[in-house]
Amino acid sequence: MATAPLLDRQFLERLERLTIHWHRSFPGLVGGHNRSQFAGGGQEFLDHRHFHYGDDLRAVNWRAYMRLEKLFLKMFQVEPRVPVRLLLDVSASMEAPRPDKFWYARRLAAALCYVGLVRLDTMVLQPFADGLGERFLCGGGRHRFSPAVAYLTALQARGRTGFLHSVRDFLSRYSQRGLLIVISDFLDEDGCEKALQYLADFGHELVLVQLWAEEDRNPPWAGELDLVDAETGQQLRLQVDDAARREYTQAFDTYAASLQRLAERAGGRYLGVAADSPLEEVMFGGLSRARVVA
Amino acid sequence: MFFLNLSAAEVLALLSGASALVVALYLFDRARRTVRVATLRFWVEARQPVQAHRRTRIQQPWSLLLQWMGIALLLLAIGQLQFGPRAGAPFDHVLILDTSSWMAARPPGTGGGQLIDQVREQARAYVRALPRHDRVMLVRADALATPATAFESSRARIEAAIAQSAAGVTALNLPQALEFGRQAQRMAGGRAGEIVFIGAGRMPASARAAGGDPAPPNLRFIRVADRIENAGLRRIELKRSPSAPDTWEIYVSARNYGVRPRTTPLTLRFGGAPVGSRQLTLPPGAEGEVSFTLRTAAAGVLEARLVHRDGFPLDDRVTLELPAQRRLRVAVYTADPASLRPLLEADPRLAATFRRPDQYEPQPEAEVLILDGFRPQAPPARDAIWINPPGGGPLALRQRVENARLIRWNSEHPLGAGLRSKDWTLASAAVLVAGPEDIRVAETEAGPVIVARAATPRAVVLGFDPARSPLRFELATPLLFANAFRWLAPGIFRREEVSGGSVGTVRMAVDRATPPEAVRVAHEDGATLPFTLQNGVLTFFSGTRGTVSVSTGDREVTYSLTLPEVGDARWEPPPGVRRGVPPAAAPMAAASDLWPWLALAGGLVLFVEWLLYGRRSAGVRRGMRPVWKPARWLAAWRTRRSES
Numbered sequence: 067m068a069t070a071p072l073l074d075r076q077f078l079e080r081l082e083r084l085t086i087h088w089h090r091s092f093p094g095l096v097g098g099h100n101r102s103q104f105a106g107g108g109q110e111f112l113d114h115r116h117f118h119y120g121d122d123l124r125a126v127n128w129r130a131y132m133r134l135e136k137l138f139l140k141m142f143q144v145e146p147r148v149p150v151r152l153l154l155d156v157s158a159s160m161e162a163p164r165p166d167k168f169w170y171a172r173r174l175a176a177a178l179c180y181v182g183l184v185r186l187d188t189m190v191l192q193p194f195a196d197g198l199g200e201r202f203l204c205g206g207g208r209h210r211f212s213p214a215v216a217y218l219t220a221l222q223a224r225g226r227t228g229f230l231h232s233v234r235d236f237l238s239r240y241s242q243r244g245l246l247i248v249i250s251d252f253l254d255e256d257g258c259e260k261a262l263q264y265l266a267d268f269g270h271e272l273v274l275v276q277l278w279a280e281e282d283r284n285p286p287w288a289g290e291l292d293l294v295d296a297e298t299g300q301q302l303r304l305q306v307d308d309a310a311r312r313e314y315t316q317a318f319d320t321y322a323a324s325l326q327r328l329a330e331r332a333g334g335r336y337l338g339v340a341a342d343s344p345l346e347e348v349m350f351g352g353l354s355r356a357r358v359v360a
Numbered sequence: 130m131f132f133l134n135l136s137a138a139e140v141l142a143l144l145s146g147a148s149a150l151v152v153a154l155y156l157f158d159r160a161r162r163t164v165r166v167a168t169l170r171f172w173v174e175a176r177q178p179v180q181a182h183r184r185t186r187i188q189q190p191w192s193l194l195l196q197w198m199g200i201a202l203l204l205l206a207i208g209q210l211q212f213g214p215r216a217g218a219p220f221d222h223v224l225i226l227d228t229s230s231w232m233a234a235r236p237p238g239t240g241g242g243q244l245i246d247q248v249r250e251q252a253r254a255y256v257r258a259l260p261r262h263d264r265v266m267l268v269r270a271d272a273l274a275t276p277a278t279a280f281e282s283s284r285a286r287i288e289a290a291i292a293q294s295a296a297g298v299t300a301l302n303l304p305q306a307l308e309f310g311r312q313a314q315r316m317a318g319g320r321a322g323e324i325v326f327i328g329a330g331r332m333p334a335s336a337r338a339a340g341g342d343p344a345p346p347n348l349r350f351i352r353v354a355d356r357i358e359n360a361g362l363r364r365i366e367l368k369r370s371p372s373a374p375d376t377w378e379i380y381v382s383a384r385n386y387g388v389r390p391r392t393t394p395l396t397l398r399f400g401g402a403p404v405g406s407r408q409l410t411l412p413p414g415a416e417g418e419v420s421f422t423l424r425t426a427a428a429g430v431l432e433a434r435l436v437h438r439d440g441f442p443l444d445d446r447v448t449l450e451l452p453a454q455r456r457l458r459v460a461v462y463t464a465d466p467a468s469l470r471p472l473l474e475a476d477p478r479l480a481a482t483f484r485r486p487d488q489y490e491p492q493p494e495a496e497v498l499i500l501d502g503f504r505p506q507a508p509p510a511r512d513a514i515w516i517n518p519p520g521g522g523p524l525a526l527r528q529r530v531e532n533a534r535l536i537r538w539n540s541e542h543p544l545g546a547g548l549r550s551k552d553w554t555l556a557s558a559a560v561l562v563a564g565p566e567d568i569r570v571a572e573t574e575a576g577p578v579i580v581a582r583a584a585t586p587r588a589v590v591l592g593f594d595p596a597r598s599p600l601r602f603e604l605a606t607p608l609l610f611a612n613a614f615r616w617l618a619p620g621i622f623r624r625e626e627v628s629g630g631s632v633g634t635v636r637m638a639v640d641r642a643t644p645p646e647a648v649r650v651a652h653e654d655g656a657t658l659p660f661t662l663q664n665g666v667l668t669f670f671s672g673t674r675g676t677v678s679v680s681t682g683d684r685e686v687t688y689s690l691t692l693p694e695v696g697d698a699r700w701e702p703p704p705g706v707r708r709g710v711p712p713a714a715a716p717m718a719a720a721s722d723l724w725p726w727l728a729l730a731g732g733l734v735l736f737v738e739w740l741l742y743g744r745r746s747a748g749v750r751r752g753m754r755p756v757w758k759p760a761r762w763l764a765a766w767r768t769r770r771s772e773s
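Protein chains in written order, with this note's numbering: chain A, 67 to 360; chain B, 130 to 773.
There could be a bad hint or two in this list.
[Said to hold, decoys possible] Quick partial rundown of chain B residues pointing at chain A, CB under 10 Å, derived from the structure:
#, residue
1, T163
2, R165
3, T168
4, L169
5, W172
6, V173
7, V388
8, P390
9, P394
[Unchecked claim] Using C-beta positions, here's what the derived DEER-type ranges look like:
#, chain 1, residue 1, chain 2, residue 2, range
10, A, D74, B, P725, 42 to 52 Å
11, A, P165, B, A149, 46 to 56 Å
12, B, F736, A, D74, 51 to 61 Å
By construction, these hints were calculated from the structure, which means they are not laboratory data.
Where is the CB? At the ideal position from N, CA and C, for every residue including glycine.
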């Protein structure tokens with residue numbers, strides 16, 4: 067599977083019509099494609115404010131001064147460049163029980179990366195497990211996509227998931243707020259709600275993409291099982307029957323709902339994706355409906 | 130009830146083994162599994178106490194029972210389970226049809242029908258007399274035993290194979306066919322029925338003498354009447370006369386296969402014109418031979434014919450293609466043609482033209498040049514014989530010697546074959562300088578005086594003049610020139626023989642010293658035929674009519690195998706062998722096939738088990754969850770439809 071190309075050419079051509087959108091206003095340099103409520107060096111008039119020492123005299127409304135003999139400064143709406151950061155879970159649970167979940171996650175990250183590159187966004191691919199891995203920064207057009215694919219292809223899933231530790235690292239490393247897309251199965255034994263809340267409170271706009279394999283949500287096994295945790299190696303011996311499976315699925319759905327509530331409460335968005343669903347359907351269906359891309 | 134010829138107890142034992150295997154696989158399938166999962170946190174919430182199961186407990190007896198039933202049914206189906214009395218079990222019969230060349234004979238009073246028609250009719254009668262479930266393998270027997278069908282119970286297919294059987298061109302080899310039938314019954318593994326031979330039983334005496342195993346005890350012989358008077362050609366051989374190469378010596382042999390003496394004219398035609406005729410008297414069962422002489426150097430078709438009417442006309446006529454007598458053109462450049470003329474005109478295969486040395490051309494219209502006593506400016510572009518050339522000709526001259534005695538001939542080389550004269554005294558001879566690649570044919574004490582060069586063009590250099598010295602009265606002189614011409618143009622002097630005979634096995638006497646790599650046996654289409662070479666006898670087999678060329682060094686024999694091979698002996702079955710077509714089998718309660726129904730039922734049971742205890746995915750394969758999949762599929766289809 068690792069030798070196959072992440073995305074084929076026909077799919078990339080279809081992705082070119084999409085744009086990554088964020089809803090919050092972020093400060094930043096001009097050149098983006100989402101408006102911000104912060105004033106800056108844009109073209110669209112936003113408001114007036116009082117002149118303060120050190121303001122640019124070119125923005126003074128001289129007509130108002132002639133009439134009112136007070137200095138007012140014209141403020142303009144800015145469309146800032148905001149970096150889009152992709153937090154990609156590379157813990158061992160992404161390859162359990164089958165490796166296609168991690169493969170799917172990398173394909174999804176590559177697709178979002180390509181959409182951002184086409185619109186000249188700056189993309190930051192940041193892997194994490196129990197801490198942040200080495201990031202990959204790219205921007206400036208689609209011709210930078212090939213190194214991103216090579217980077218994603220070379221990623222390997224290993225280690226435990228440590229959301230809290232990873233988020234602390236992230237907040238200390240990236241001071242500029244922006245759109246943050248988290249692609250993960252969110253299966254952290256210590257829970258990830260608290261860490262995600264930190265991110266939201268810091269000012270990032272969260273997009274949580276929860277990936278699961280069919281066995282993660284609807285385990286097909288029955289009978290006497292020795293369950294082994296892919297990350298910790300812990301074993302659990304169970305007698306599984308229909309009732310146990312139903313309870314398992316119910317617990318999983320409850321957890322997914324809590325993630326969705328957290329994202330929406332923080333002004334972000336949530337999308338649950340089964341790893342056997344077509345990626346095209348996710349990009350043009352689920353993510354579009356969640357208004358992550360349009 | 131039969132099951133691969135096993136008894137009921139053996140079937141039960143086999144079934145028990147299969148059942149034990151199914152149960153073991155079932156228990157293995159239901160054993161505790163180790164599964165690697167992404168997290169345990171949701172399992173903890175859904176956790177259930179581990180029950181103290183015994184590993185060997187059957188947790189889903191219906192699934193096991195269905196699997197066992199399905200496998201048992203399929204096992205019985207594979208074994209072609211049948212119900213019925215043991216006596217109703219089918220037999221495997223081998224039906225050997227005589228398709229030898231003799232089956233093309235036309236017995237009197239049949240309106241032009243052939244013996245093979247009777248064979249086919251008897252075969253059909255035999256097949257119709259067999260019980261309906263008996264299987265029959267049809268074998269066509271001539272020199273080879275060729276199965277036309279496998280053991281077949283379809284009467285339509287057997288009768289179609291019978292109808293397609295026709296007389297061949299080779300003689301019958303019945304022992305081989307009977308052995309084939311015996312082995313076929315042994316390997317089929319069923320109940321061996323009869324081995325039936327239908328034919329006249331006429332085969333070569335050599336095949337009958339070879340014998341083989343005695344007739345099988347289950348042999349049945351159905352003879353077709355072949356009281357046919359026949360006399361036919363057996364062989365025709367043509368050789369070029371050793372004294373007159375443009376004359377063919379022809380030997381024709383014929384045989385009377387009938388029971389009455391016969392006198393019949395034998396005519397010979399060449400190119401459509403009669404060239405000879407003899408009256409041939411043949412006693413019953415005897416062979417006669419006549420010889421002819423035909424003088425011709427031209428190519429043409431020779432036909433030998435027995436002018437009479439009999440029941441087997443295929444062996445009354447034989448034709449052969451005679452090759453033309455090729456001649457070697459020799460251009461002789463000499464100032465004294467009278468000295469060489471007797472030497473070159475003695476052999477009709479040589480066509481010599483004499484010219485003066487000043488008329489020399491490097492490329493004249495000749496295959497071989499003789500340069501007598503001169504050395505041309507331009508070297509010849511053809512093979513050449515140099516006689517006493519000035520300066521050694523193409524070779525360097527070492528010295529001239531007088532009254533030198535020849536002390537050695539190279540008898541191992543074709544140029545010196547048969548030359549052993551040691552009393553030659555050369556009045557004057559040039560001793561030549563021979564290179565490492567050159568062939569020293571004759572030597573004096575001072576060195577070689579006859580040297581040959583094998584490089585193209587070939588050259589033979591004589592350091593003396595044998596025609597203008599007393600040596601011309603020596604026997605070795607014409608032999609030396611004959612060897613030289615044979616070495617320079619081997620194709621012209623190759624011994625040619627033409628032989629007409631019958632297809633089948635051909636034996637030919639060759640020189641015992643002939644190595645196998647020097648022998649080539651090729652059919653007229655260019656395909657080489659395998660052969661054996663043992664004790665001076667070359668043996669090969671040709672199953673089709675045509676021309677086969679055998680070359681063994683300096684000898685080439687062309688076999689025109691156009692005559693059919695006719696057996697000259699009659700096979701008689703040993704006493705006790707059943708004869709004739711048996712009466713039709715009384716209809717009995719035959720065993721009926723159950724395997725199609727068993728296979729269907731087994732597949733159905735396994736399908737139901739798969740539906741109830743689905744195993745579609747890898748995960749489900751490890752589980753025991755009964756899933757009614759149609760309901761699930763219907764729900765999924767409804768969901769998709771509502772979404773669309």
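Which hints, by number, does the structure contradict?
7, 8, 9, 11 and 12
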